[in-house]
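Colleague: First to last, the protein sequences are chains P and Z.
To convert a position in the first sequence, counted from 1, into this note's numbering, add 30.
At position 103 of the second sequence the residue is numbered 83 (this note's numbering), and the sequence of numbers has no breaks.
Because the hints were derived from the structure by calculation, they are not lab data.
Warning: the hint list may mix true and false statements.
What the hints assert, rightly or not - Straight-line alpha carbon distances no greater than 30 angstroms define the calculated DSS-like cross-link-like pairs of lysine-lysine that follow:
1) K108(Z) - K185(P)
2) K185(P) - K58(P)
3) K139(P) - K36(Z)
4) K58(P) - K8(Z)
5) K129(P) - K58(P)
6) K134(P) - K185(P)
7) K134(P) - K8(Z)
8) K129(P) - K185(P)
9) K93(Z) - K130(P)
10) K389(P) - K36(Z)
11) K389(P) - K108(Z)
12) K108(Z) - K8(Z)
13) K35(Z) - K185(P)
14) K93(Z) - K13(Z)
15) K130(P) - K58(P)
16) K389(P) - K139(P)
17) K185(P) - K93(Z)
18) K185(P) - K36(Z)
19) K108(Z) - K36(Z)
20) K129(P) - K93(Z)
21) K93(Z) - K134(P)
22) K35(Z) - K139(P)
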Amino acid sequence: MIEQIPILIVIIPLISSFLCPLIGLWRKEACHGWIVFSLSLSVLASIHTLLSIIQNGTVRYHLGNWNPPWGIECVIDHFGAFMVVIISTMSLFAAVYGKKTIEKELPGKTIYFYTIFLLLVTALLGIAVTGDVFNLYVFLEIASLAGYALIAVGKDRAPVASFRYIVMGTIGACFYLIGLGYLYIVTGSLNMEDLRILLPPLYANRVVQTAFVFMFVGFGIKIALFPLHTWQPDAYTYAPSATSVIISTAMAKTSVYALIRIIFSVFTLNFVTGFVAVFDVICWISAIAMIFGSVYAITQNNLKKMLAYSSIANVGYIMLGVGLSASTSLGLTPALMHILNHALMKGCMFMIACAFIHKAGLWDIRDFVGLGRRMPYTCFAFILAALAMIGMPPSVGFITKWYLILAALEAGQYIFVAVILFSTLLMIVYFWRVIEIMYIRAGEGEGNEIKVEEVPGSMLIPGLILAVLCFLVGIAWISGLLSPILEAVNSGFGLGVVS
Amino acid sequence: MWDFIVGHYNYWMYIGLMMIGFYAMMAKRNLIKKIIGMNIFQSAIIFFFISTSVKKGVTVPILEHGHEGHGSHAIDVMQYANPLPHVLMLTAIVVMVATLGVALSVAIMIYRKYGTLEEDEVLGNMRKD
């Protein structure tokens, strides 16, 4: 049983997802308990995998006992296990949080929402464990399709946002498929490990270089990298609350994971630095994304849209970490840190933003007057997450920015230090605006008795836990509790050594 | 140069088809036309994969059909067509159909909400809300 765990990580949510409608037929209320149960199993399986990988190294699992490169292989290394834990934990939080919001926003559709939700989690976990490029494509498409459906059931403009995402997302996935086809033509293999061995003599080949560009642009759409982000703000804003939480944390981060996996595991560092020179481009695009996302976030009045634009800026942070990875001794450390950090912070932020909509029907920041006293605990969690976002030590946001600045200084790219500081300044502007309206600005209701009306505990507690985690994980990064993972990922990708 | 163009005719056709689909997805204002463009785009990629596995004078990759007759297990790869691209495309077709289904149902949702499938009119109705 224990040696089957790599595939069980994917199988548990998959089987539970198909059992969900059956359980819904029997008793509608049991569905939520069921998905929380199966996601808890996933969390246990992924934590077990992470711990055993830290002790014994990479786990390989051959599906159906077909040996690679012919069969499909599951490979879980430190990076994969790190992602599996993030995905399963964040989806558990989103599922616990989502119960009340789904019942209110989608009455009568809860069973099918949970079914597709579990399918989304299955696909995301699949992306993290697979060692086969075509299998990655299939999981990517399952995740996208589940994502389209989950977004489309939202209110207002959700179907239009979802349609735009379908068009963009399909182009992205198809570009990835073309790149994959080019690699298959020249190598005859689809296994990541095998491709890494077969590709080096072909690095100067135009077909391989074109394949890389196709794959990079394809994933650029999926992760909403700056000029390809147009689908993202509306999709995040109009999606139902539980969807917003999961797609802004688990789904966005998994696409980043897949991009990093393709860059470093299939094409290697030698190819990317020596033959396509894409890292400078990534750095500059990320810098523009950081400024652009923050500037747009300032101009938004819808809190969820502000957070969506802030996500574009934060994808910029992660990709800046990737872009600088080759030229510093820190390697991918800042990027990996920010994958976890941003999942925690943005998950918490979206939970709170949706709690305001759920309880008070407020989505416009200008209407938040006096909210600090109406919903004290929710607003407290918001302040913690906002401080983490801005970068108060020892929060997770501070750690990311600190390591990114160290990396930029070491690489001698001083302009990016200025960009990081400037985008932090912009972040202070837009988060302070919200906090100022919530707490300080006096509304017409001044003097009247404001009655406290908090969201239910199932929505409040996940938000508060994430807000506290924003600081605890920061301390864990400082204390070096998680550095074995970082070191293993960096050495696995041949990073962290400056020539 | 002529040999280069003729020798790679399958790739030219796939690129042409893909660009038609891409144009429809980007430039057409009607949502159904966008979906059709999306389908052409995906079909082009399927043709591309299938055309890469074409080989003349070979047989299906089943041992009994080998030129040497069955029994001898010394398999000459040159006598068989590569089955893998076809198998991959079976999966890709499934993905394509699923995408089409989701896209059409979202288009229906849009039609029910805004009463039109023209993107300009949808955007116009959206602003009125």
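Colleague: If a hint holds in the structure, say so; if it doesn't, say that too.
Modeller: Now for the hints, and whether the structure bears them out:
no., hint, result
1, K108(Z) - K185(P), "holds (16 angstroms)"
2, K185(P) - K58(P), "holds (23 angstroms)"
3, K139(P) - K36(Z), "violated (53 angstroms)"
4, K58(P) - K8(Z), "violated (43 angstroms)"
5, K129(P) - K58(P), "holds (12 angstroms)"
6, K134(P) - K185(P), "holds (12 angstroms)"
7, K134(P) - K8(Z), "violated (37 angstroms)"
8, K129(P) - K185(P), "holds (17 angstroms)"
9, K93(Z) - K130(P), "holds (25 angstroms)"
10, K389(P) - K36(Z), "violated (68 angstroms)"
11, K389(P) - K108(Z), "holds (26 angstroms)"
12, K108(Z) - K8(Z), "holds (23 angstroms)"
13, K35(Z) - K185(P), "violated (52 angstroms)"
14, K93(Z) - K13(Z), "holds (19 angstroms)"
15, K130(P) - K58(P), "holds (14 angstroms)"
16, K389(P) - K139(P), "holds (20 angstroms)"
17, K185(P) - K93(Z), "holds (10 angstroms)"
18, K185(P) - K36(Z), "violated (55 angstroms)"
19, K108(Z) - K36(Z), "violated (61 angstroms)"
20, K129(P) - K93(Z), "holds (26 angstroms)"
21, K93(Z) - K134(P), "holds (20 angstroms)"
22, K35(Z) - K139(P), "violated (51 angstroms)"
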